[in-house]
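Using the sequences plus the hints, can you model the full thing?
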Amino acid sequence: QKEVEQDPGPLSVPEGAIVSLNCTYSNSAFQYFMWYRQYSRKGPELLMYTYSSGNKEDGRFTAQVDKSSKYISLFIRDSQPSDSATYLCAMSTDSNYQLIWGAGTKLIIKP
Amino acid sequence: ETGVTQTPRHLVMGMTNKKSLKCEQHLGHNAMYWYKQSAKKPLELMFVYSLEERVENNSVPSRFSPECPNSSHLFLHLHTLQPEDSALYLCASSQDPAGGLDEQFFGPGTRLTVL
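First to last, the protein sequences are chains A and B.
Residue numbers for the first sequence follow our numbering, beginning at 1 and rising by one.
Residue numbers for the second sequence follow our numbering, beginning at 112 and rising by one.
Simulated from the structure, these hints should not be mistaken for laboratory data.
C-beta atoms are modelled at their ideal positions from N, C-alpha and C, and glycine is treated no differently.
Be aware that one or more of the hints could be misleading.
Straight-line C-alpha distance at most 20 angstroms; calculated PhoX-like pairs for lysine-lysine [as the list claims (entries may be wrong)]:
hint : chain 1 : residue 1 : chain 2 : residue 2
1    : A       : Lys42     : B       : Lys129
2    : A       : Lys2      : A       : Lys70
3    : B       : Lys130    : A       : Lys106
4    : A       : Lys42     : B       : Lys151
5    : B       : Lys152    : A       : Lys42
6    : A       : Lys70     : A       : Lys56
7    : A       : Lys67     : A       : Lys56
8    : B       : Lys151    : A       : Lys2
9    : B       : Lys147    : A       : Lys2
10   : B       : Lys130    : B       : Lys152
11   : A       : Lys106    : A       : Lys42
12   : B       : Lys152    : A       : Lys2
13   : B       : Lys129    : B       : Lys152
14   : B       : Lys129    : A       : Lys106
15   : A       : Lys42     : A       : Lys2
16   : B       : Lys147    : B       : Lys133
17   : A       : Lys106    : B       : Lys152
18   : A       : Lys42     : B       : Lys147
Listing some non-contacts, in silico: residues in chain A with all C-beta distances to chain B over 12 angstroms [what the hints assert, rightly or not]:
hint : residue
19   : Lys2
20   : Ser12
21   : Ser20
22   : Ser28
23   : Gly54
24   : Ser79
25   : Ala103
26   : Ile108
Below, the structure written as structure tokens:
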């Protein structure tokens, strides 16, 4: 079993839709949960992070962590074609800097 | 130049060639990383340097050899590669890999094809 599971997609939705991207994980010691966005021919860039459980909102983006279910989500409201990218989840513990990554979900927003 | 830069952006090499990938960070960070990214697979951490000392070597084949001459530069020397080594090689840097949240900043990657 992989430590972090993420559906690689692609996920194709119409412009303006609400998008839900998800990862599940097996290591209960993970405390930091990150979402990176990677545009074509670019490296990943940090989009949002949360510590432990709860929600975090930043503009059209909301990150949720459910530690009891070992499940994290990224919601995108009013999706735009410019949101088309691969979204990677990554996690780490308090004591180890090494990030454990999901495979990334390719998101396509159709105009 | 700003952020993290990588050269070359594309590289095609034969199995008997020797080549090197270069990474430079302009962020004043203390740590640098090499990752391998293959289609539909998680990023694989290959090497980590902190203050020019190698702190991580994740069972990477010896045909990959890293070099960190100073905190701003990182190289990945390649020799006798296999076709399965074809992938996007990403360099990243961060301020302090001491645990917890330490944002990593990535370069655009080198797309490597081994024939």
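We went through each hint and held it up to the structure:
1. Lys42/A - Lys129/B: With a Cα-Cα distance of about 25 angstroms, the restraint between Lys42/A and Lys129/B is violated, given a limit of 20 angstroms.
2. Lys2/A - Lys70/A: 13 angstroms, holds
3. Lys130/B - Lys106/A: The given pair, whose Cα atoms are some 31 angstroms apart, is violated under the 20 angstroms limit.
4. Lys42/A - Lys151/B: 16 angstroms, holds
5. Lys152/B - Lys42/A: Holds, at roughly 17 angstroms.
6. Lys70/A - Lys56/A: 17 angstroms, holds
7. Lys67/A - Lys56/A: 14 angstroms, holds
8. Lys151/B - Lys2/A: Given pair Lys151/B, Lys2/A holds - Cα atoms ~13 angstroms apart, limit 20 angstroms.
9. Lys147/B - Lys2/A: 17 angstroms, holds
10. Lys130/B - Lys152/B: 25 angstroms, violated
11. Lys106/A - Lys42/A: 14 angstroms, holds
12. Lys152/B - Lys2/A: 11 angstroms, holds
13. Lys129/B - Lys152/B: 26 angstroms, violated
14. Lys129/B - Lys106/A: 33 angstroms, violated
15. Lys42/A - Lys2/A: 26 angstroms, violated
16. Lys147/B - Lys133/B: Since the Cα atoms of Lys147/B and Lys133/B sit roughly 14 angstroms apart, the hinted pair holds (cutoff 20 angstroms).
17. Lys106/A - Lys152/B: Measuring from Cα to Cα gives roughly 12 angstroms; hence the hint holds.
18. Lys42/A - Lys147/B: Answer holds: Lys42/A to Lys147/B is near 14 angstroms, not above 20 angstroms.
19. Lys2: Given a closest Cβ separation of 7 angstroms, the condition is violated.
20. Ser12: At about 16 angstroms from chain B, Ser12/A clears the 12 angstroms cut-off, so the statement holds.
21. Ser20: 20 angstroms, holds
22. Ser28: Label holds. Min Cβ-Cβ 17 angstroms, cutoff 12 angstroms.
23. Gly54: 15 angstroms, holds
24. Ser79: Its Cβ never comes within 12 angstroms of chain B, the nearest being 22 angstroms, so this holds.
25. Ala103: 5 angstroms, violated
26. Ile108: 15 angstroms, holds
Against the hints set out earlier in the document, violations occur for numbers 1, 3, 10, 13, 14, 15, 19 and 25.
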